[in-house]
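Chain by chain, the residues:
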Amino acid sequence: MSEPFWKRLTPGSVILEAGNAVEFKTGSWRAFRPVWKEENCIHCLFCWMFCPDMSVIVEDGKMKGFNYDYCKGCGICALECPGKKGKKAIEMQEEGK
Amino acid sequence: MARVVAVTGNEAGAEALRQVNPDVCAAYPITPQTDMMQRFAGFVSNGQVDTEMILVESEHSAMSACIGAAAGGGRVITATSSQGLALMWEMLFIAAGDRLPIVMPVVNRALSAPLNIHGDHSDAMGARDSGWIQLWSENAQEAYDNIIQAFRIAEHMDIRLPVMVCLDGFIISHSIERVEYLDDEVVREFVGEYRPMNPLLDVDNPKSYGPLILPDLYHEYKRAQHEVMGRVKGVVLEVASEFEKISGRRYGLFESYRLEDADLVMVILNSAAGTAKDVIDHYRDRGIKAGLLKPRLFRPFPYEEVAEALRNAKAVAVLDRADSFGAYGPLFVEITSATLHLDKRPFLINKIYGLGGRDFLPEHAGQVLEELKEIVETGRVKTIKEYIGVRE
Chain A
2 MSEPFWKRLT
12 PGSVILEAGN
22 AVEFKTGSWR
32 AFRPVWKEEN
42 CIHCLFCWMF
52 CPDMSVIVED
62 GKMKGFNYDY
72 CKGCGICALE
82 CPGKKGKKAI
92 EMQEEGK
Chain B
15 MARVVAVTGN
25 EAGAEALRQV
35 NPDVCAAYPI
45 TPQTDMMQRF
55 AGFVSNGQVD
65 TEMILVESEH
75 SAMSACIGAA
85 AGGGRVITAT
95 SSQGLALMWE
105 MLFIAAGDRL
115 PIVMPVVNRA
125 LSAPLNIHGD
135 HSDAMGARDS
145 GWIQLWSENA
155 QEAYDNIIQA
165 FRIAEHMDIR
175 LPVMVCLDGF
185 IISHSIERVE
195 YLDDEVVREF
205 VGEYRPMNPL
215 LDVDNPKSYG
225 PLILPDLYHE
235 YKRAQHEVMG
245 RVKGVVLEVA
255 SEFEKISGRR
265 YGLFESYRLE
275 DADLVMVILN
285 SAAGTAKDVI
295 DHYRDRGIKA
305 GLLKPRLFRP
315 FPYEEVAEAL
325 RNAKAVAVLD
335 RADSFGAYGP
345 LFVEITSATL
355 HLDKRPFLIN
365 KIYGLGGRDF
375 LPEHAGQVLE
385 ELKEIVETGR
395 VKTIKEYIGV
405 RE
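The listed protein sequences correspond, in order, to chains A and B.
This note's numbering applies: residue 2 is where the first sequence begins, and numbers increase by one.
This note's numbering applies: residue 15 is where the second sequence begins, and numbers increase by one.
Next up, chain B with everything else stripped away, as it sits in the complex:
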């Protein structure tokens, strides 16, 4: 029977990893991820998992060790945040290019400078082009569920790519919420026995990882990597439908909340979506057709499906908890690309919110919906990109 518990996001993440019982974990502590890996290291010390825990001297080494272990033929995990993810930078591309199905919770945190340990999406957005699959999670339950599903997606024989599972630092990682845990056996059966692909430890069949590939073949390997990303959506949906059978919880490529007939739409990732939904309910009570689209699969980005979901919207506000300085926010760029081919495009605005853990308050969501209302009434967008919640 499923257990209902009151836990933090980090605790739920560690629990999912315990239930999966991976072969190798190489990790380095960084706020706000520390607590998740500390709990997992506890499971290792207490003999609750069979995992080989490698304590390394940096995140660059953590990802390097993960790559070696995954190439060796093991089911491999790590977790990180912020500067840690930034330090992994070059190894992220190698994990993806080598097609190694590493699973990594990323507890989203702002990047220095100025130094800040709180939740924002600058870290994972910086890694969006690394070739990793990215799943985003609104709350502790979604983080737990996404981590379990991530193994099936990463390890699918048609995919073999690493997966990041993003959850908001502190807001989710350190807040206690109601979470439903699945039984250990159910999780173990769901993820199944690990099937290695071309493992180095199969010493009877020697092979080489990481060769030099010159201009005569590099382009073709990248073409193949692009092709694999094209298969991810289907696998994510297939895994989600199997997960629904064991959990009763339904996941898609994104969540639509009161979106079907919505005129005014907010697109928002992770924890702030909860606040936005509450405000949308108040608007609906007043007869205003507001709705929300919360992406779950950000890489690869489901352009066609998102465009279809936004087809009837009149005005869309895309909220980014990360900035691309001198450009539009990363999520806004995807939404504008997705809607580009619609016959009738909605008005689109971009709001940068919540950087460095600045709270996203109901009044901010209200302010955005008011602006969308005005845009629809006047047929005019004043400012495309703007910061909200800035102290005056």
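Okay, chain A solo, but in the shape it has when bound:
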């Protein structure tokens, strides 16, 4: 018989491996997904600043879309998005529709 699984747990549930939250894909929690409308985007990066996770992809100072593996669909980006001429660059759409 091998040692029971619980005997191999770190005392006090301490996680010894750094940065392993990346393995925990929280995107499945999402009920609404942010959809980026490039034509209305002024690349102010408010979405990137306000995102409580790190789900806004930015390259060379420009908004490039969302990382849906981690976006929980909180909608803060869509709320904060100033858009262009009254038209939002981020809209929340119900998943599965």
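Rather than coming from a laboratory, the hints here were simulated on the basis of the structure.
These figures come from a predicted structure and were not determined experimentally.
Do not rely on the hints blindly, as some may be mistaken.
[What the hints assert, rightly or not] The list that follows gives simulated cross-link-like pairs (lysine-lysine, BS3-like), each with its CA atoms no further than 27 angstroms apart: (1) K8(A) to K221(B); (2) K236(B) to K8(A); (3) K73(A) to K221(B); (4) K387(B) to K399(B); (5) K291(B) to K303(B); (6) K63(A) to K89(A); (7) K85(A) to K73(A); (8) K358(B) to K396(B); (9) K221(B) to K26(A); (10) K8(A) to K358(B); (11) K303(B) to K399(B); (12) K291(B) to K399(B); (13) K291(B) to K236(B); (14) K259(B) to K247(B); (15) K88(A) to K63(A).
[Stated by the list, open to error] Estimated spans, in silico, between C-beta atoms of each pair: (16) D197(B) to M55(A): 49 to 59 angstroms; (17) P5(A) to G248(B): 17 to 27 angstroms; (18) D172(B) to F25(A): 23 to 33 angstroms; (19) E194(B) to S3(A): 42 to 52 angstroms; (20) I16(A) to M243(B): 21 to 31 angstroms; (21) L80(A) to R245(B): 51 to 61 angstroms; (22) S3(A) to E318(B): 23 to 33 angstroms; (23) S351(B) to P5(A): 20 to 30 angstroms; (24) P5(A) to L354(B): 25 to 35 angstroms.
Glycine is no exception: its CB is placed at the ideal position from the N, C-alpha and C atoms.
Following the hints, position chain B against chain A.
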């Protein structure tokens, strides 16, 4: 050379903590513990210890700061009483669940309401399921000795659990008694250099404390915690035997007083045991076989050893200085569980005594022994649980 001094229980506790010289102390004053932490804060101010003293705004914060400091990798202490321990409630479970070897003298005091500052065991009994190890102390000497041993038990690499050292408020904390102090170097050598386990301040090896553990693993972590408690008895005895070598004083899982051949047994915690022993001596002088069992390690509870010690008793009175309203007293429940598997169980009764600092007098012990005598003679228990020393 050991010094013989006349000190209060709080003074002896503070002295033990000074000699250990912990890294961090986070504390909040509460009667009757105040005096112990005030003395310790004095040692900090006078440069007699290297401890970082954190003055916090509540006991909840005190225990929170202790948890952070212990997770950081320090040897950590605090002390409290009564409402303070109650306010620490949620953090106690976190200290134990995170396996942090914090040492905390608890100067036992009644809980409100009604408001009362005097000695009883309701505070520590309320924390019995928090996962802390509990050592109980009859007098200032035992409190001093238990505090020193608590560091070795808590910090043992097979244990890593927090320890409460209980002593009775006012009766012990504020009464002056003869105490033998060990030399500073002897204590320091005995407790040794602190060895951290997975310290947060080891920044080259980043780690996380206190993660969310869902139903897929929580049960397993609790199973592991249960397993660790199973190792505590052995470590307590191992540490006690080493402590005997430096002090000449012997400790076990509990104290047996004239118990070996006793027919009538009182089981009693902390200071009231002294009064009970004196009364037992008088009964022995009259040829009545009375004895006493005084638990020292209450968590984890040494069921097998206690059962063995009570095997030949005819009637046992368990005295509780705390009540579980609508149930039997907390110590009684343990003793009945321990003796359940004996082939021949003794008669068992439960007396609630001394709440809110009501004196436990020799006549109370006498009254209990008389009742045990009558139970053995008649073979009948009239009342299982009863208050004694109540004003009529």
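Between the alpha carbons of K303(B) and K399(B), is the straight-line distance 27 angstroms or under? With Cα atoms ~23 angstroms apart, K303(B) and K399(B) stay inside 27 angstroms; holds.
Hint check for E318(B) and S3(A) - Cβ pair distance inside 23 to 33 angstroms: Given a distance of about 29 angstroms, which is inside 23 to 33 angstroms, the answer is holds.
Verify the proposed pairing of K291(B) with K303(B), using a straight-line Cα cut of 27 angstroms. Holds, at roughly 12 angstroms.
Pair hint outcome, K221(B) versus K26(A) [Cα-Cα no greater than 27 angstroms]: Between K221(B) and K26(A) the Cα gap is close to 19 angstroms, so the pair holds against 27 angstroms.
CB-CB spacing for M243(B) and I16(A) relative to the 21 to 31 angstroms hint: Holds - the Cβ-Cβ distance for I16(A) and M243(B), about 23 angstroms, lies within 21 to 31 angstroms.
Sort out whether K73(A) lies within 27 angstroms of K85(A), counting only the CA atoms. holds, 25 angstroms
Satisfaction of the hinted span 23 to 33 angstroms by the C-beta atoms belonging to D172(B) and F25(A): Roughly 31 angstroms apart at Cβ, these two residues keep to the hinted range, so it holds.
Please verify whether K236(B) and K8(A) have alpha carbons no more than 27 angstroms apart. Roughly 11 angstroms separates the two Cα atoms, so the pair holds.
Tell me if the beta carbons of P5(A) and G248(B) are separated by a distance inside 17 to 27 angstroms. Holds, at about 20 angstroms.
Checking one constraint from the list: CA of K291(B) to CA of K399(B), max 27 angstroms. Satisfied? holds, 22 angstroms
27 angstroms limit on alpha-carbon distance, applied to hinted pair K259(B) and K247(B): It holds: about 19 angstroms lies between the C-alpha atoms, which stays within 27 angstroms.
Would you mind confirming whether the straight-line C-alpha gap from K88(A) to K63(A) stays at or under 27 angstroms? Within the cut-off at roughly 18 angstroms; holds.
The structure is inconsistent with the numbered hints 10, 13, although it conforms to all the rest.
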